[in-house]
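Peer 1: Sequence:
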Amino acid sequence: MNLFVDIEALVRSELAAMRQEGILPVGSNVDHITVEPPREAAHGDMATNAALLCAKFGVNPREFAEQLGQRIGVDSRIVAYEVAGPGFLNLWLRPSCWHDVLQAILIEDVNFGQSKLGANQNVNIEFVSANPTGPLHVGHTRGAIFGDALANLLEFAGYSVTREYYINDGGAQMDALARSTYLRYLQALGQDIALEDTAYPGDYLIAVGQAIAKKWGDVWVDKSEDQWLDHIRNFATDAMMDIIREDLSALGIEMDVFFSEKSLYGTGRIEAALQSLDCKGLIYRGTLEQPKGKGSKDWVAREQMLFKSTEHGDDVDRPLQKSDGTWTYFAPDVAYHFDKVSRGFDVLINVFGADHGGYVKRMKAAVSALSDNQVPLDIKLIQLVRLFKNGEPFKMSKRSGSFVTLRDLLQHVGPEVTRFVMLTRKNDAMLDFDFAKVLDQSRDNPVFYVQYANARVMSVFRRAREAKIPIDDEVLQSVELSSLTHDLELAVLRKLAEWPRLIEAAARANEPHKVAFYLNELASEFHRLWNGGNDYPTLRFVQPDNVELSQSKIALGRAVSIVIALGLGILGVTPAQEMR
RNA sequence: GCUCCCUUAGCUCAACUGGAUAGAGCGGUCGACUUCUAAUCGACAGGUUGAGGGUUCGAGUCCUUCAGGGAGCGCCA
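Residues in the first sequence are numbered consecutively from 1, following the working numbering.
A couple of the hints might just be wrong.
Capping the alpha-carbon separation at 25 Å, the derived lysine-lysine pairs in DSS-like fashion look like this [claimed, not checked]:
hint : residue 1 : residue 2
1    : Lys361    : Lys292
2    : Lys308    : Lys280
3    : Lys437    : Lys426
DEER-style ranges, computed between Cβ atoms [to be verified]:
hint : residue 1 : residue 2 : range
4    : Ala467    : Ala565    : 21 to 27 Å
5    : Arg508    : Gly533    : 36 to 42 Å
6    : Thr328    : Ser160    : 30 to 36 Å
7    : Ile107    : Gly73     : 27 to 33 Å
No wet-lab data here; the hints were simulated from the structure.
Using N, Cα and C, we set each Cβ at its ideal position, and we do this for glycine too.
Using the sequences and the accompanying hints, generate a full structural model.
Peer 2: Here is the structure:
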């Protein structure tokens with residue numbers, strides 16, 4: 001049940017009727033009207049701007065709003081209306097509307113707020129896609145959590161979601177990994193060899209070197225690089241992907257597809273993708289202008305194969321081939337997205353680190369060209385995470401190289417808290433992660449605050465059971481709810497009723513952080529009501545000697561716990577039963 | 001030089017994508033506890049939304065100019 005959608009439908013049907021009657025001109029477009037909860041409670045339960053938008057069709061907005069109000073006011077759900085300001089129409093609903101929502105929550109349970117917005121469209125979300133050269137670090141963590149939560153959100157909103165990881169195993173960094181691993185291999189065989197400056201320093205390669213020594217013995221010792229490079233690179237890549245898979249698993253993330261960049265090389269797939277662009281006349285040989293204001297000393301104008309990305313919104317055309325004839329990084333990326341498009345996805349979403357900002361336009365241009373502008377690509381840039389401890393910039397051990405690993409992070413904080421905190425900021429804003437604060441049990445820690453609200457509901461359930469009050473789902477679903485009339489109770493109900501609306505707004509914008517903020521607001525309304533029980537015992541959930549009244553109040557608590565569980569589920573967090 | 005992102009209360013951030021008097025938390029002041037019905041709650045103070053101009057009935061949100069911060073701009077992936 002979505003009360004806002006229901007009332008909006010009422011408004012829209014009246015507008016259509018008024019067009020039939022000639023009050024609105026034929027063909028007047030009112031698609032963009034809104035019906036939303038006003039910020040001010042004094043402005044009613046719902047407000048619509050319909051009359052204001054109709055003003056451009058020559059009607060007087062206040063007079064029109066009055067007419068609209070009279071017609072809508074006939075509906076039994078509306079108890080009062082008011083024309084306000086330049087032409088807003090404010091509506092007051094019968095309290096039983098909110099009670100109906102509550103009952104719907106109890107009945108729909110885990111399906112409450114599920115949306116048909118996605119219409120079962122196939123969405124591909126590519127995220128993490130870290131180079132397989134070592135364990136995931138903090139920089140990857142935020143993007144990983146964001147992508148997974150977004151996937152949960154879109155699934156809940158009715159999309160069919162594929163979680164995908166693009167393995168960057170095709171570039172020169174993989175040879176560097178192989179050489180570093182080779183040194184660790186020699187060390188494992190007892191040789192006293194120092195790492196080169198260019199080598200990956202992390203300890204995690206030691207075990208890989210040992211495993212290679214165990215598997216092959218000393219067969220690669222004193223051999224030339226071209227003999228061992230392929231073997232060791234493949235072995236090390238697999239080992240790195242195993243580590244990354246474990247890292248993701250520790251965060252509760254499971255990918256549907258791992259797509260290898262290497263699988264594009266030497267198989268004609270890059271050529272096929274570029275052929276597709278060539279057929280559209282978007283490939284040519286040309287010379288790029290030198291970027292201005294950049295280090296200009298080594299610049300030599302060269303002719304190379306270019307993609308006419310400017311025809312799809314980019315600023316300059318982009319090179320596909322280096323001067324030695326090998327592909328740029330962009331070429332396999334084009335092929336990869338060609339593959340995604342041809343797999344039939346309706347929507348593509350890429351989650352990138354903020355350092356890939358310069359890559360957005362060309363990728364969008366590529367997908368636009370490859371799909372003839374049929375498949376939208378949304379690119380979400382994930383800003384930096386800055387680590388702190390008690391307000392001081394935080395550095396961890398360098399055991400694993402020069403970065404703080406995901407493992408380190410989870411060891412200190414745990415996956416649940418990490419996931420929630422990483423989602424308390426919009427993706428394109430920087431996020432400060434303070435080890436002390438995220439474990440703090442206080443109001444300014446949203447993880448705790450939301451979990452505590454849920455724990456309080458659970459505590460009510462325990463007390464009700466002690467008092468022998470039946471609180472089974474079937475009982476609560478049919479309990480009389482009309483006794484819930486206090487402002488504090490209705491405020492919680494209003495917030496609960498917003499959940500389906502919030503889901504659609506968050507899904508439309510691809511912004512899972514909205515869920516985290518909503519949960520904080522819901523918890524706040526719940527804590528207010530709870531605290532109201534201090535001053536007014538009639539607001540307490542368990543009412544001695546009045547089973548039915550207790551049940552209706554507990555039904556409200558149950559609904560809160562349902563929605564909290566749904567919200568936390570999207571964030572990938574388990575609700576707390578108690579806080580001890 | 002160009003592109004993209006950011007700039008909102010002392011601090012950290014919201015604002016349902018153009019709606020009404022810009023909201024929360026922290027910090028500050030005052031008030032409510034026999035600690036799972038105070039790990040919480042209430043009240044007060046705190047603002048020219050970086051600056052100017054424009055579009056609109058209506059702008060934090062859109063267009064534009066400028067300032068400050070960040071990321072990026074062929075043979076790095």
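Peer 1: Are the hints correct? Go through all of them and say.
Peer 2: Do the hints match the structure? See the list:
Proximity of lysine 361 to lysine 292 is assessed by CA-CA distance (about 19 Å); at most 25 Å being required, the pair is judged to hold. Proposed proximity of lysine 308 and lysine 280 is supported: the alpha carbons are some 10 Å apart, at most 25 Å. In summary, the hint linking lysine 437 to lysine 426 is supported, as the alpha carbons are separated by about 19 Å, within the 25 Å threshold. At roughly 24 Å, the beta-carbon separation of alanine 467 and alanine 565 lies within the given 21 to 27 Å, and the hint holds.
For arginine 508 paired with glycine 533, a C-beta distance near 37 Å keeps the hint of 36 to 42 Å intact. At roughly 33 Å, the beta-carbon separation of threonine 328 and serine 160 lies within the given 30 to 36 Å, and the hint holds. Separation of isoleucine 107 from glycine 73 is about 29 Å and conforms to the stated range, judged on CB atoms against 27 to 33 Å.
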